[in-house]
Amino acid sequence: MTTDCVQPCILLAEDEMMLAMMLEDRLLASGYNVIKAARLSRCLELAESASIDLAILDINLAGDQSFPVAMVLRRRGIPFVFSSGYGDQDLPEAWRNEKVLQKPYDSRQLTEALATLRIA
Amino acid sequence: MIVGIGASAGGLEAFKAFFAHMPVDSGQLAFVLVQHLAPDHTSLLAELVGRNTSMPVIEAAHGMRVEPRHIYVIPPNATLTVENSVLQVSKPAPPREHRWPINTFFTSLAEDQGDCAVCVVLAGTGSDGAQGLRAVKDHGGLALAQSGFDHEAMTGMPANAVATGLVDAVLPVSDMPARLLAYQKQMHAAQRKQGSDGVRGDLAAHLKTICGLLHAEVGHDFSQYKEKTLMRRIQRRMLVVQAETVTDYIEYLDQHPNEHELLFREFLIGVTEFFRDPVAFEALRTIAVPALLADRAGDDVLRVWVPGCATGEEAYSIAILLREAMGSQHGLKVKIFATDIDDQAIGRARAGRYRAPLNGISPERLERWFSKDRDDYCVVKQIREMCIFSPHSVLKDPPFSRMDLVSCRNLLIYLGNDLQQRLVQSFHYALRPGGFLLLGTSERLARNARLFTERDKKQRLYMRRDDADTRPRDLPNMRRHPVEHATQTARQQGENLIDRRARQALEPWSPAYVVINASHDVLRFSGDTGRYLAPSAGAASLNLFHLLDKPLRGAVHAATLQAFADGTRVIREELALLLNGHERSLRLIVEPLAEGDGKIEMCVVAFDELEPAPHSTGPATDGESGGEPGRVRTLEDELRETRAQLHTAVDLHEMASEDLKSANEEYQSVNEELQSANEELETSTEEMQSINEELQTVNVELNSKNEALNRLNSDIRNLLDSTHIATLFLDKDLTIRSYTPAMTELFHLRDGDKGRPITEISPRINYPELKSDVARVLLDMAVTERTLRGDGDAPTFLLRMRPYLTVDNLVDGVVLTFVDITESQRLNNEHARLAAIVNSSRDAIFGFSMDERISSWNASAERIFGLSADQVVGQPLSILLPSESSEETRKFFASHERPKRLAEFEMTWTRPDGESVPLAISYSPVCSQDGTLFAGKLVARDITERVRAARYTEMMLAELNHRVKNTLATVQAIAQQTIANAPNLPAFAESFLSRLLALSHTHNLLAQDAWIGASLAGIVKNELAPYRQDSDSRMNDARMRLQGDEITLPSKQALAISMALHELATNAGKYGSLSVPEGRVAVTWTTHMKDQRLWLLLQWTETGGPTVAPPTRRGFGSRLIGEGVPYELDGEVTLAFSPDGVTCVIDVPLDEVVS
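One line per chain: the protein sequences are U and F, in this order.
Number 178 marks the last residue of the first sequence (the numbering used here); no jumps.
Number 1156 marks the last residue of the second sequence (the numbering used here); no jumps.
In case anyone wonders, no lab produced these hints; they're calculated from the structure.
Check before you lean on any hint, since a few could be wrong.
To spell it out: a stretch of chain U is covered by chain F in this simulated footprint if at least three of its residues, at any positions, have a beta carbon under 8 Å from a beta carbon of chain F; those stretches are [as the list claims (entries may be wrong)]:
| id | region |
| --- | --- |
| 1 | 73–84 |
| 2 | 88–99 |
Non-contacting residues of chain F with respect to chain U, defined by C-beta distances greater than 12 Å in every case (computed) [said to hold, decoys possible]:
| id | residue |
| --- | --- |
| 3 | 38 |
| 4 | 187 |
| 5 | 443 |
| 6 | 551 |
| 7 | 607 |
| 8 | 906 |
| 9 | 1009 |
| 10 | 1126 |
Glycine included, C-beta positions come from ideal geometry on N, C-alpha and C.
This is chain F alone, in the form it adopts within the complex (with noise of 0.2 Å):
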């Protein structure tokens, strides 16, 4: 027995556990191991197996014999199978794609071992071995598949290897080998049971009970099947549920109702892939199809069957073929009519869905008409409509009719003599004149050859004949007499040569006879039956007593009726026949002829016509009845007389006996036609279910369709409804096809309005441009938009137009919808009022959202930041961080603690350009209406101007107070001095006063020019004033002259030189010039450079006054004017005492050495 093991991903695990839990002794298992290999690998699977058993793990080689207890791996890059017990390794693999090793070896294990293979699917991913499993269950093996903890089978392999219903234990690893050794402890022990066929003894005598259980049970009658198949199939299921003896499976079918259902199915297994034989499929496709489709129009039904379909792959096969033959173009509809009694099996096929891989089908076909779904292939729609799928026993009901092709392949084979036979029958009354009929390769028609035209000898291939007549009496459900006229020629072929001649030879001294049935139809005649036949008028018939002699008719019925009801021979002697007018005794001999089984079919009856009678002279020799013979004539004429009245009653008897039979006939006739009609009528019932059932799948989809369609309708009603956007739906004639309610706002919509033109609906809006408006879009299918503008406080909208497509993609209309913009367009113009206060403000604005990025900076702000947009918007805040701050701004900006209202801080800020700027900010938190916080507002304002007014204010504060201490202490100068130099406080108070004015004189000068300085000029006017004559102080005096340039002397210059000024002008009005009227007085002036600096030289000259004395003591005014103002001007001054007057020449230099 060889097991073949199959692993993939996970394998090796398995592998050790599988043969750490087998004994050395394994009695004559081998174990194959095939494992998805790396084709470029070498493989260490030997020696790592190897490590966990004993037995020799070898590699496989090709030619190898497998040996018992030894354990074969499968080398890398490489095909194995198996061939009458012998490794053959083909290499190299495969391409990828059609790389199915464990699928490969399971099937040439099923096919060498038969009953013996062993297949075993471990761990692994994909589907590999689920196929090859199938093939080894059809020949009836073993199947187990791993599963994991939870004993259900691990997903991958084994799952998909489970998903085939055909696994019979799905076991952990480590329980596998002691059920292999149990299954094979049972094997040896049904082998030793077994006859030379391989089937063992007892179960032929309990097949009936079997089948009998299972007619019960699941409703289908096998005991027609083939013998020898049944019981290896019962046979295997003995061996899965380890039952010792046949009454033990038995008694085990009675326990566990469910095993009625898996020996079904085990008797169903069928092997089917698609394109299974193609040389069959390629004599279909050039023999039948051509001429299925010739003559064909186009509204034609091409009817096809195919019984036993199994899971489908021949019905879509076939479906294939014929949509390829008949290409897309062909208007021919193809009814498919798939049936199989397995309706789990018809159930898949239903689905059209096959894990991959599929096996027969070409790339391209595979292309065309499947569409891959994940692992799976599924059946496209245009095949799959071509099916029709039904569950359906091509034994039990009645078949179908008018097919054009029959295809029932490998089911035959199943089936014992008489099934096939009523089959074939079944299939020539289902088939229309002409149409095909195709079984498998090992199927025949054997004694139907004579309903068929073979077309394709080697592949079966058939047409049916026309002359040959089916009757439905013959069909499977009238099965009391299921083959009864088949004996006839059966008989016939039995008959050899010598038998013929020996009755020949006899047949002058045998007794005429004739062999009849049941029905009393004559099967033989032999001998002179002549002599007592004589046919009656009318149809011409083989019934006996149709043909047989009036007189002799009802002894023979009676006899005949006898010998059949009782079986038993039936001997009359002495009929009296009248032959040619002369008197005959006859022996009447009914012998029955008994079946096997006792019943009675035939009968033979002889006729054994004894020698004729010596002619009695009775009345003669008898002397007494001399007195008698009047009265014996008398008898015999009236027993004549009776007979003869007799005769008549039984012709009349049989005359009636005819009518009643052919009346009999026409209601058999009758009968079998509605029987015919019935049977086509459940044939018809039988595709009205089909097609009830894919009406009722349609109407299920619809029906969804239905109501998601409803849902979607109301919630397009509710949105319509609730939106407050004014929504039309017009159709090309301006025809309103729908409104929301708020359209009612702007067109005097109402109810009815609804497939009336909006033309007719007076608007509320001002929009006459509509019509043109929808024509436009019409043309150029885009959206058009437009701004309806109300006149005064009516509202704005915003119009969008764009055409209405339906599902199609078609355009029908357009839509349009109206959108109050009215406070949008409020809060644009707002926001742009906003925007331009912030452009246009000199202050930087800047904002930031909640994330602390910078999201607005006004054109003010790149000025003053030196930072454009681009550069800060996005950026986090912290960037305008200064370097140097104080606590305050880096709270600010770093650690975002912010305060809750408005606040204001300063800081300094520095350019990228280096340049630093004093900024203040204030800061206003940005919050929604419910106060909620989401934005930050920042103005910073360049202070640089006020700070620097602040300290120019603050260095004129200093300025002044110096100033004004500076003046005091002059002040106190004065005062001391004059106080030193006045002879009494009268005249002390007159110079000082004096003093005091000149020096207030020239501080009114220097404050028009905000102590910048005072003009030369001015200062001159202001000290000689008192002195002129006139009041024009603009004009020259008659006694002063005044000349010099515009000379502005700066603060300093001015109060020196006018004090000194002052001196001279006190002193010419007291002493000099200016005490007489006639004295004058020049005072000029001019500038010039000196040491590059520039000097102002002034010169005071006295004319005309009285003559002038040196002063006795130097007085104020003298020392002042000789020592303070170069003292103080750094400059040089000449004060002389003329007689003619005084002079004084003042040169100082006007700006000061920087040092």
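Looking at chain U on its own, in the form it has when it is part of the complex (with noise of 0.2 Å):
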């Protein structure tokens, strides 16, 4: 689902303030739109009405889980990507399939998985 905007709009959940900030600043540098959230609530109000293409889903929202988001995104058949600094623990049965990016990772990282969302 693509808006009318030239840009494509992007959910960045993230609740590391300087995490947060280097991803929106290289997101905006790669020509995507960026709605910010630290807190799950605030996360699951976005997905719910904002009009986005593609989220990045950190796991742990200040100790929440971002899995409602997810849910929400599927329903809306918005594309994304969890991003965790847990390891490659097992992700719950309904998640196992999607991408993870492991914390720390780099701008080529970002770019191969939004481009492999945007394709699919």
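Each of the two chains sits in its own frame; use the hints to bring them together as a complex.
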């Protein structure tokens, strides 16, 4: 689902301010519109209502897991990628096939992941 | 002929088989079936038997005549007897314990039918029938008993019948009818030969032969027994052995040596029972016994003789009677000599064992004087000891003597008159003066009435008369002239009046005569014998030759000798006799009086006096004698002279003869005395033998006891020698009685110390209380225990002291046992130590035995498993298997597959209260010294904490990983942001390193408190530290003022705020109030509640610095403070660049909203 915007809009769910700022910079540089959220409640609001094309979801949002957001996104058919600092631990069964970006990741990894999402 | 058939359990089959083999034409046989029937049960016996025979089968009714070829069946609950061939039925039957229907019927059958009675004992339990069978045999009947397949008598009634020894044949039931028919046929044949008295005529002729055979073989002479009885009994044996004629039987006797014995037993059959004829015993009790017991000293012996005692019932009855009369207190001794020629019977009497039922005995007597042994009654010892049984023939052997009572009942009836008389005399001799004689009711004294006084005429109780004398010469063993003097009286009785008168009338005309016996004693004087007699001086005598006129003695002597010798009449004519001065001619006639058998016992000596001879004047008439008168006279003188000489010679001879005779008499009397003494000795010998026999029995018994004691003694010695338990036997005075070898370790004991007081022996142990302990044990009679502890390494002993009890339970000292318990105590201590460890362990320790049951359970096990020891000890080990468990656990608990060595595994146990406990179990097998497994031990450790710690560690590692990665990501972002804002590399390096340092400081603070949080004041001080003027960080610096509560910030807030403060401080140092000495910075903070959350309000205020110009472009710092902090902490930040100085207000929640 693409909007009328020329630039695709991306939902960035990340509670680390430094990381969020850096990603925002990168994404902006890559030609994305970025909507940030550090808390699950805000994320859910945005995921339900905002006009977004893609999403990067940190699994841990200030103590809350971001799977409810992923559920909304899946329902809306918006592609997303998880990011996590928790290593290779297993995701819950429902999300096992989703792509995960292992922190820390560089711009190339980010670009590849986003590219894959967009193709899908 | 009536056949009585008795049966009990199993009898029906026997009855059926019996009649199945019995032909319809059974001759004169009639059958009476007697069975044990339940009193209230209607019997189908008649109907059932009726199916097997065509003879009429009738249930017996009272008054029914017994007809041949009929079968009569006893009705239920009735007593059946027979009288004059008519059945007698009386109802109801006696109570069970007195109900012996077969005995009752057999007895009545015997009395009614005599030798025509037949009794058959068929299958059945018990002994009913045996007693009745005895009666049948006593009356000469036939007795049969049923055999099994093995031709032995069946157990139960048949075996008991056979045990009487009187059964004629033991046969299978199918052979019985044939045997009965043969018997019947023979009986008929025998009866045809019998006279009116029921005895076959041809027997009498052979009786002597048979008695002779028996005398030779068995040693008992029955020739003097009643002939009729003997003949009947021989006849009975003939029927049994199926001998046609008497000669056949004698031949049979020759060929079967055993038959002598059987015939002998047949002769001896006697019926006896306890207290037979109670009236007679009553007479004995009321008349004789009080007299016998009167005036008795305590040590006197009352002597009773029971000849012909058979199996001893009579003797025991008298013993019981006497014992009852004496009472238990009477010290008088009673000896009852019970004798019989039947040694088998004596053997049974000695045993004193009688098969129930015992007739005639009251239940009280049975209870008191008998002990029950299975089916038998045994005479109690007290009664048994009163009786002495010995084989003895009352006829053949000398009698006993000095008896107080002789009871000889129903023996005389078997004997002939002569024997009876002799026996009565024997009894008279045997009794002491005033002694009593008891005979059977049908026996009498007859010709010996003068010897006894009647005391109870009807019951034949007599008392000995002392005036009559039964000389030992008449005793049985002097049987050459058994009844000599008795004939005299018999003859007298035969005289009658007419004879006497006729004899008186003829007296003057008949010659005077005397009747003499073989010993020349005058039995009769008749006529004027006085003319020829001239009694000689000296003792009065009836001897003819003492009485006779001397001139006659020679001639008469010669004549009588000849007459006795030849048995012919001797006549001496013309014996010259000088009577009253006249010469008379006498004819002497000696006429022998022959007995029936030709023996000469007596002679008549008649003196026939001829008319006086005409006085011859021979010389005057004789012419030629004139020249010779002188010579004649001379010759006559000479003759006279010679005669006178002859007379003198004869006189001398007579005198010598008389002397010899008197000497002979003397010798004879001496002989008699000796004989009597001899007999007494023999009697004593008999008694001695009886006593000897008893003594021998006692001796054997004592010997066997002695042997047993010896064996016990040696056992005890071996026990004492081999035991390692030190044992000491002391008597009441502390004298050593005995000790075991181990005792020497405790006391300095030597071999000779037995008998010395223990107090004299020096002990190796410390035991000063010995004396008082012994005294206490003797006083209290209780076992005392004491532990004797040795000093140092000396062993410890457990002393157990108990009273020494003799066999009679009397205390006779004390027994001390010393058990070395050193090792056991050591083990006990060790055990206590281990138990303490187990009990105090925080781990559950429990054991199980080889039968898979839990054997121990410590306190921690109760706590960890939540089960008390009571709930689990003794339960199977498998109760500890959790419901969800691993294969290994299941193997261990349920299938008992256990490793041989130590093993460990884990499981989760759910307590009864539902709480789960993770447990680490370690198992160790418990083995004995030889390696045999005998138990298992388990230790279960509660590993809840360990599991939790492991989980925590795992979590911590993951967290650490996460944080490091996040931190690195943050560093990456800082680097990137710094790069983006740095004009050159040195500037980048400075900014970047100081930012990293600030981050690291905050990390330090967080790490100090295990990452839970960091003090806000600390963070502020850290960030401002480079700008302080004095080094003491505790004090507020002149340039900066910090004010706020002590707040601990969570790590997230701490990191974000510290980074913000770093940027503020750096900015202040470079461009703001901290860049000039006069500049001041105030940092204040406080908390407040908003939306039910705790918020932090921190204010940064700069004053006194250079005038602030708002930044031309948004740098990293202001972006981080203005955008990053509110973003990350979900709060608000106001950053103002007023000209007086930079201010910053940070208002953020301190905790997260939990979603």
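Check: Which numbered conditions among the earlier hints are violated in the structure presented, ordered from lowest to highest?
Finding: The structure conflicts with hint 10 only, although it agrees with all the remaining ones.
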